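> Chains A and B, in that order, are what the protein sequence lines are.
Once you know that position 315 of the first sequence is 315 in the working numbering, the rest is easy, because the numbers rise by one and skip nothing.
Once you know that position 284 of the second sequence is 284 in the working numbering, the rest is easy, because the numbers rise by one and skip nothing.
Check each hint, because a few of them may be wrong.
[To be verified] With a Cα cut of at most 20 Å, we get these calculated SDA-like pairs of lysine to any residue:
| hint | chain 1 | residue 1 | chain 2 | residue 2 |
| --- | --- | --- | --- | --- |
| 1 | B | K327 | A | A137 |
| 2 | B | K327 | A | L126 |
| 3 | B | K326 | A | D363 |
| 4 | B | K258 | A | E125 |
| 5 | A | K114 | B | K327 |
| 6 | A | K180 | A | K386 |
| 7 | B | K327 | A | P117 |
| 8 | B | K258 | A | K180 |
| 9 | B | K326 | A | K207 |
| 10 | B | K258 | A | T195 |
| 11 | B | K258 | A | M257 |
| 12 | B | K327 | A | G140 |
| 13 | B | K327 | B | V302 |
| 14 | B | K326 | A | T195 |
| 15 | B | K258 | B | I146 |
| 16 | B | K258 | A | L126 |
| 17 | A | K114 | B | E57 |
| 18 | A | K244 | A | D269 |
| 19 | B | K327 | A | D139 |
| 20 | A | K114 | B | P293 |
| 21 | A | K114 | B | I146 |
| 22 | B | K258 | A | P117 |
| 23 | B | K270 | B | I146 |
| 24 | A | K207 | A | T195 |
| 25 | B | K326 | A | D139 |
| 26 | B | K258 | A | P324 |
| 27 | B | K326 | A | E145 |
| 28 | A | K114 | B | F287 |
| 29 | B | K258 | A | R121 |
| 30 | A | K207 | A | Q383 |
| 31 | A | K295 | A | P117 |
| 32 | B | K308 | B | H135 |
| 33 | A | K114 | B | K270 |
| 34 | A | K386 | A | P196 |
| 35 | B | K327 | A | I141 |
| 36 | A | K295 | A | L309 |
[Unchecked claim] Cβ-Cβ distance ranges computed for the label pairs, FRET-style:
| hint | chain 1 | residue 1 | chain 2 | residue 2 | range |
| --- | --- | --- | --- | --- | --- |
| 37 | B | D192 | A | T199 | 32 to 42 Å |
| 38 | A | L206 | B | G113 | 41 to 51 Å |
| 39 | B | M110 | A | P117 | 39 to 49 Å |
No wet-lab data here; the hints were simulated from the structure.
Quick caveat, the model's predicted, so the values are computed rather than measured.
Backbone N, C-alpha and C fix where the C-beta goes; we use that ideal spot for every residue, glycine too.
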Amino acid sequence: MPSLGADMEAGTLVEWQIQPGQEVKRGHVVAVVETQKGAVDVEIWDDGTVEQLIVQPGQKVPVGAVLALLRAPGEAPGAAAPGVTAPATPVPAPAPAPIPAAVAVPPTAAPRVKISPSARRLAAELGVDLATVQPAAADGIITREDIERAAQARKPAAPQPADWHARMRTAIAAAMSKSKREIPHYYLATEIDVTPVMTWLAQENLKRGVSERLLAVVPMMKAVALALHAVPGFNGFWVDGGFKPGAAVHLGMAIAMRGGGLVAPAIHDADSKNLDQLMADLRDLINRVRGGRLKSSEMSDPTVTLTSLGEQGVETVYGVIYPPQVAIIGLGKITERPQAEQGQIVARKMLTATLAADHRASDGHSGALFLAALGRLLQQPEQLSKTTDQKLSQ
Amino acid sequence: MNAAPAATRTTYREALRMALREALARDPRVFLMGEDVGRYGGTYAVSKDLLEEFGEERIRDTPLSESAFVGAGIGAALAGMRPIVEIMTVNFSLLALDQIMNNAATLRHMSGGQFSIPLVIRMATGGGRQLAAQHSHSLEGWYAHIPGLRIVTPATLEDARGMLRTALEDPDPVLMFENALLYNLEGELAADAGAVDIDRAAVRRGGSDVTLITYGGSLGKTLQAAETLAQEGIQAEVIDLRTLRPLDDATIVASVAKTHRAVIVDEGWKSGSLAAEIMARLMEQAFYELDAPVARVCSAEVPVPYAKHLEDAALPQVPAIVEAAKKVVGRRV
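Isolated chain A (complex conformation) (with noise of 0.2 Å):
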């Protein structure tokens, strides 16, 4: 069982999408996994074949528990024993295997899904696996009645609204309480001139389709991840009494949840994407916290979060760290400030943007560069949206 967010002791499994004899891949989605934010898809992390499902659907078992038995590429069936204490990862193969004399026939391809153009929006839409699909007719072609039936069918799986909120409400008190009993933190907040990145935003939306626009928080994000990269001490986690850097920057999103609630899931390598990847990703990653359809990577691996309550009218936000993070940028509304500027006085559009960061793992004076570098590359807006190097922040 996964940890899917450093407060989780322990997750249930709803389904199984894998098989016993099943080849899966590294990154594919083998079971879903209730949490108290909700269904999470859990994704492996090695290549092989699965050799034994150890837990059953409806199980609630600890973090750390075995799950399932997977044998490695090349590995003889059985090797990997079942009924074993295993650890939470696959054994590995003791040595690289050797490659089969033999070719081996290729899997053939799963058979396309018969479903009408109509019916596979409304499962995207509806979050339905088309696995898990049974079509009614007997020409086996799913339709939309089929995908409706089915969303209905996963309901009663699902926690009662009133529960599930409570839920989080416990998720999100245990998780803030570990922060702000354990971790030092210190917050620090400065003036940013965003006048040049939304004058440039307003002109490159102009010539922009509705749907290609982007959204202010988008060109703020690659400069945060850019800043994190060039100011050192901020991307990464505080374990076992260290401080132990992020190899890429998981941007952590806040993002409110209807009904109440809020979840900080991950926008992966958000230093080396362009703000088009950008902007789809925190779409994507919006319509499914919505819809409650996290990824296990994206819960668990945010190394660093921001959150911005500029849209809500705040000026001002300072984050509580969501643990073992070391830091949370908050970034407050664009205002149009007087300024002074060459002896006269204008009008500038400000934003407030605010450090809270771990104590532990940094001093205020790297502090202070980091909210210096954010301000530098907001000047330059040309070069956030023209680079997916994160080496320009210099």
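Mind docking chain B on chain A? Use the hints.
Chain B only, in chain A's frame:
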């Protein structure tokens, strides 16, 4: 409170004649010409008694030469008149196809907009009267292929009464196709019935399960099929296209977005046809709305037969429309 204008019982033929009479009376530039429109009163008796009322100058019998009298109509339109040309059947209009396509449809474009052809051509179309393969085809879909023309297909008394006036106001050529089986259609027509739009398709019956798209002579059969389907629990929406060019895509797509299924009913043939064009547009504009392949009920791909039982078998009929709709709605019935 004013009482609603009284409705009168009348026919499609009579509604067309009312429209012609009104057009002739209100605009001296309007005149009617064609084969037997005068002394004989029209092959389908649409212009009966008009010769006596309006005289030979304005109700003109022509020789049996479609190319000549359609060309004369184009010339009159160029010179500022508002001619209405009647062609006996769509099969014969092929003799005038050169005039219609190479002159009427193109002169505005070829003159850089200097000339327009405000011409209305009326003709009978469709089978079902045992008139065999030279008088029974539905070729309006061919004309709908041609840029520069507007194609209208009145299928109700209101449209028979109201489309002509709007067509005469169009500065470009309008072809009006009257399915010959409709001339005896009887019904109530409001006393104040007048001009109607010729831009939009009409939803003739609302429904949620399948969209039946049709026009002209097939509208009645399609409405009958919808009634049969309703008795079996299938709610069919019936769209009367009214205008085949330009097609009202928005109405069609909006309906399919609601029902997710469509059947096209057209007396034309399938190959390279209007029905094929509508299917193509549904692919282009409503692919993600579809919950089943789009179906068609069209005429068999033969010259329309003379023998009654063969002709009935060749043309779209109510049972075939019901069957196609049930197949598309399919398994849930």
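> When you check the alpha-carbon spacing of A/K295 and A/P117, does it fall within 20 Å?
25 Å, violated
> Can you tell me whether the CB distance of A/L206 to B/G113 sits inside 41 to 51 Å?
33 Å, violated
> Holds or violated: B/K327 with A/G140, Cα cutoff 20 Å?
Status holds; Cα separation ~15 Å.
> For the pair supplied as a hint, B/K327 and B/V302, is the alpha-carbon distance within the 20 Å limit?
Violated, at about 24 Å.
> Assess, step by step, whether the Cα of A/K295 is no farther than 20 Å from the Cα of A/L309, and give holds or violated.
With Cα atoms ~24 Å apart, A/K295 and A/L309 exceed 20 Å; violated.
> Sort out whether A/K180 lies within 20 Å of B/K258, counting only the CA atoms.
53 Å, violated
> So if I understand the rule, the pair passes when the alpha-carbon distance is 20 Å or less; does B/K326 with A/D139 pass?
15 Å, holds
> Can the restraint linking B/K327 and A/A137 be considered satisfied, given a maximum Cα separation of 20 Å?
Satisfied, since the Cα-Cα distance of roughly 12 Å is no more than 20 Å.
> Can you confirm whether the C-alpha distance between B/K326 and A/E145 stays at or below 20 Å?
OK: B/K326 and A/E145 at ~16 Å, within 20 Å.
> Tell me if the straight-line CA distance from A/K114 to B/F287 falls inside 20 Å.
Given that 20 Å is the threshold and the Cα spacing comes to 15 Å, the pair holds.
> Going straight from one Cα to the other, do B/K326 and A/D363 come out at no more than 20 Å?
73 Å, violated
> Starting from the range 32 to 42 Å, see whether the pair B/D192 and A/T199 falls in it by beta-carbon distance.
59 Å, violated
Checked against the numbered hints given earlier, the structure breaks hints 2, 3, 6, 8, 9, 10, 11, 13, 14, 15, 17, 21, 26, 31, 33, 36, 37, 38 and satisfies all the rest.
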